[in-house]
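Below are the chains, spelled out letter by letter.
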Amino acid sequence: MSPLAILDGCTAERAPVNPSAFEAARPVLRERGQREVFCGLTGIIWLHRKMQDAFFLVVGSRTCAHLLQSAAGVMIFAEPRFATAIMEERDLAGMVDAQDELDRVVTRLLERRPDIRTLFLVGSCPSEVIKLDLAKAAQRLGAVHMPRVRILNYSGSGIETTFTQGEDACLAALVPVMPASAPDAARELLIVGSLPDIVEDQFLRLFAQLGITKVGVLPARNARDLPSIGAHTRYLLAQPFLAETAIALESRGATRIEALFPFGVEGTSDWLRAAAREFGIDEALVEKVIAPGRERARFALSKLRPQLAGKRISFLPDSQLEVPLARFLQDELGMELVEVGTPYLHRAHLSLELDRFGANVRVSEGQHLERQLDRVRADRPDIIVCGLGLANPLEGEGLTTKWAIELVFSPIHGFDQAADLAELFARPLRRRDMLKV
Amino acid sequence: MQLAVWTYEGPPHVGAMRVATAMEKLHYVLHAPQGDTYADLLFTMIERRSKRPPVTYTTFEARDLGKDTAQIFQDAAREAVARFNPQAIIVGASCTAELIQDDPAGLSQAMNLPCPVIPLELPSYQRKENWGAAETFYQIVRNLADKSVMREPREGRSARANILGPTALGFRHRDDLVEIHKILGTLGVEVNLVAPLGATPQDIARIGAADFNIVLYPEIADEVSRWLEKTFDQPAVRTVPIGAGATRSFIADVAELAGADPTPALGDTSLRLPWWSRSVDSTYLTSKRVFIFGDATHAVAAARIAREELGFEVCGLGCYSREFAREVRAEAARCGIEALITDDHLAVEDAIAAVAPELVLGTQMERHIAKRLGIPCAVISAPVHVQDFPARHSPQMGFEGANVIFDTWVHPLVMGLEEHLLTMFRDDFEFADEHGASHLAAHSPRKIADAVVFEAPLVDIPLPALAEAGASGWTDEAERELKKIPFFVRGKARRNTEAFAAAEGRSAIDLETLYDAKAHYAR
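Line by line, the protein sequences are chains C and B. Counting from 1, position 321 in the first sequence corresponds to residue 321 in our numbering; the numbering is continuous, with no gaps. Counting from 1, position 299 in the second sequence corresponds to residue 1299 in our numbering; the numbering is continuous, with no gaps.
Mixed in with the good hints, there may be bad ones.
[To be verified] Sample of chain B residues lacking proximity to chain C, with all beta carbon distances greater than 10 Å (derived): (1) 1009; (2) 1048; (3) 1208; (4) 1323; (5) 1373; (6) 1495.
[Stated by the list, open to error] Here are the simulated BS3-like pairs of lysine-lysine, each with C-alpha atoms no more than 30 Å apart in a straight line: (7) C/402 with B/1518; (8) B/1051 with C/402; (9) B/1484 with C/303.
[As the list claims (entries may be wrong)] Distance windows between CB atoms, simulated: (10) C/309 with B/1178: 46 to 54 Å; (11) C/409 with B/1480: 20 to 28 Å; (12) C/179 with B/1475: 31 to 39 Å; (13) B/1083 with C/113: 47 to 55 Å; (14) C/111 with B/1048: 52 to 60 Å; (15) B/1326 with C/140: 39 to 47 Å; (16) C/255 with B/1512: 31 to 39 Å; (17) C/135 with B/1229: 52 to 60 Å; (18) B/1238 with C/140: 27 to 35 Å.
No lab work stands behind these hints: they were computed from the structure. Quick reminder that beta carbons are idealized off the backbone N, C-alpha and C, glycines included.
The whole structure should be built from the sequences, with the hints applied where relevant.
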């Protein structure tokens, strides 16, 4: 059917966004150059807290180990479930040797840590560049150690993944091993994206109150306890950085529920409503279930709004959370968006979010660091969201910053975290005004 | 392959960054994939620098790997030189770029850049951070030193010295330098150059004008000083002035090379360590068993202070840098023990557990090992975390450094004694368990066994009292939810919620109340 043959108002509800039409409506500044971002290995820092039976073994260089310990801070000493197999000169000499070495390291690790039930072999830049076949290694080692340990593989390398994309790659590796749901199964809901336990529980309670009883989460708290998947699965993305995972889920028959991401009152309401609509829940019930949380969040946000309204904000690319967070700050707290930078812009997953942006918002994808900093200095926003490598230097120039990584580690989704999320942005501004030194 | 959770040293290009960041008007063009910029935050966060490190990363991606990474490198180098206008640049590759073999040296030399280009060969799969720093400093000096600048005859002028070794991210380098300046001032020695910290490439050109060199940190400056010895015939002072005795030797060595009278410097009355150590309050320090681990320079210095200036018994000594193992082995022999040379923190942990010392002196890593084992600990060497880049003046070198060391090492022991007393008297009402211990409490959570001991008397409490406590109104579900809040804010959350419930006249605290209160207290 040609587009002309569709009557007005009859377009398919979930029509895919046409990128070129989108580009026409909103130009996106695309840049390449130096990128001041983490690689996907960093995802391990929160993923290993979420999946309590999993261990992450990075196959990489001393740099990878150094990155993990720098990013993990003091957490590294609490008997962490991640480590690096550091490649040395002799591993680079020949491929067969490297595979043998890997077997030796994995065997030693599994002897030391009998509690491990899922082991991720995580690829890095060096292992990708020398084309060390970790997928094959995972298969070979898996055959040896199953059923006690399941061994999977994904890449968190900087040449392929940016920061949160490491989680995407990890979850996409889990999708093929999710059990298939029965062909006659009832509709099931799947929440995709790792959330702090407290937030996950809030959402599960809300879905239970809505009467949606079969709700799975990916990643599950136990990586060997994965939810089932099939044509009856409807999935709801909790995070905006899950492009590969979405493709993997759809290849197994699941269908995405399109919604805003659950940040703030509007995002969370829309996210819950979209699921309820998909499951045919009565609207009056939906209203009743979400009303208390929504009103609480509105009330809590009302106190932060005067501090943030009218303030100008720029995001430097970091986690792909930038677009939905900017939408929340603009719509619910009255902030003015100057530039919203993102490492990667998934147009389909973010189309509802982008539709909310004011006409003057500059959206940028990728990064040329020096040019972007020139723009920041010219714009002089009230607050800049950026990484820790840039935060103090920008403060040193008299600008106010909010370091972005905290947004990935803190509970910020859902009604009851809306004010906490706003507070993360209000605090640096309040501090700037408080200090007399 | 080496299995590692924690590494004492970063890769060699991080060492190069430490030299580049220490210097002024020098830029580092680093061929590296996306993500290697993580190293910037070591400088901006741990050392709290208010400027970005002068490093341009090429950040190549997978799709560039076919052909144009060399072009990306050249573009990055050209842009960096145009934008930052450095007096010189250093170029090199990180571990991944080393594998793709683009040859930054050849590429940049072919570009005719308007400033000197110093290529670095840092083998990432063999060497580590300190080696990278030393090699970078050596290449910079070799390439930039003006061989026509030689020292003038000594008649009628003060002696001149170069101070070599302080870098960015160096443990107490900033404050050590202040102390060395003080000593040289008293001896009437002029400072020709401090490098790398604060030096420009043009300053480096004048390195030959000094009469002698002072090697503050051999890990960084030893190689350079040997080259300078050969090239400019400059002798070097290699005594590291950490500790009262070592500082005295250092003063004597410098005075000899400078032809100065050491007496005024030796008579510095700010040195308090010897008297503090002799005062009767310190008697209990006698033969305390101490385990020492760190970089070679700091470990050896610490062992001497421990033995000769504080009266400890050194029961373990080691370092993570193989390059300087010989010095550590020699010092260990003087202590009557065998040196532990390893970069495996698990081996260090095992060694500490095996000798069961009363004090551990080490790096950030040993601090955590000691916490876990419940042993007092002080930090003497990198790697260190943000709290060991303090705002206040806290050198390790010179007489003030000796004072700082006395306080720093004895402090955890005194605190350890307090804790011991607390444990002894914990059944006294004044020492209730809730008061907790001193410094160790935050780090070594109370053992379950202790908790059981203290819960036991509760059995004797009449039932109504218990019931009342249970009737605070929290539903099981809300109580469980509360437990999901991080422990360090949980108490506040509980108090706030209860105050809110009371104000609202709600008798039961359920989930709704918990979250209503949370919303109420949101700022």
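(message) To test your reading of the hints: which numbers does this structure violate?
(response) Those not satisfied are hints 1, 2, 14, 18.
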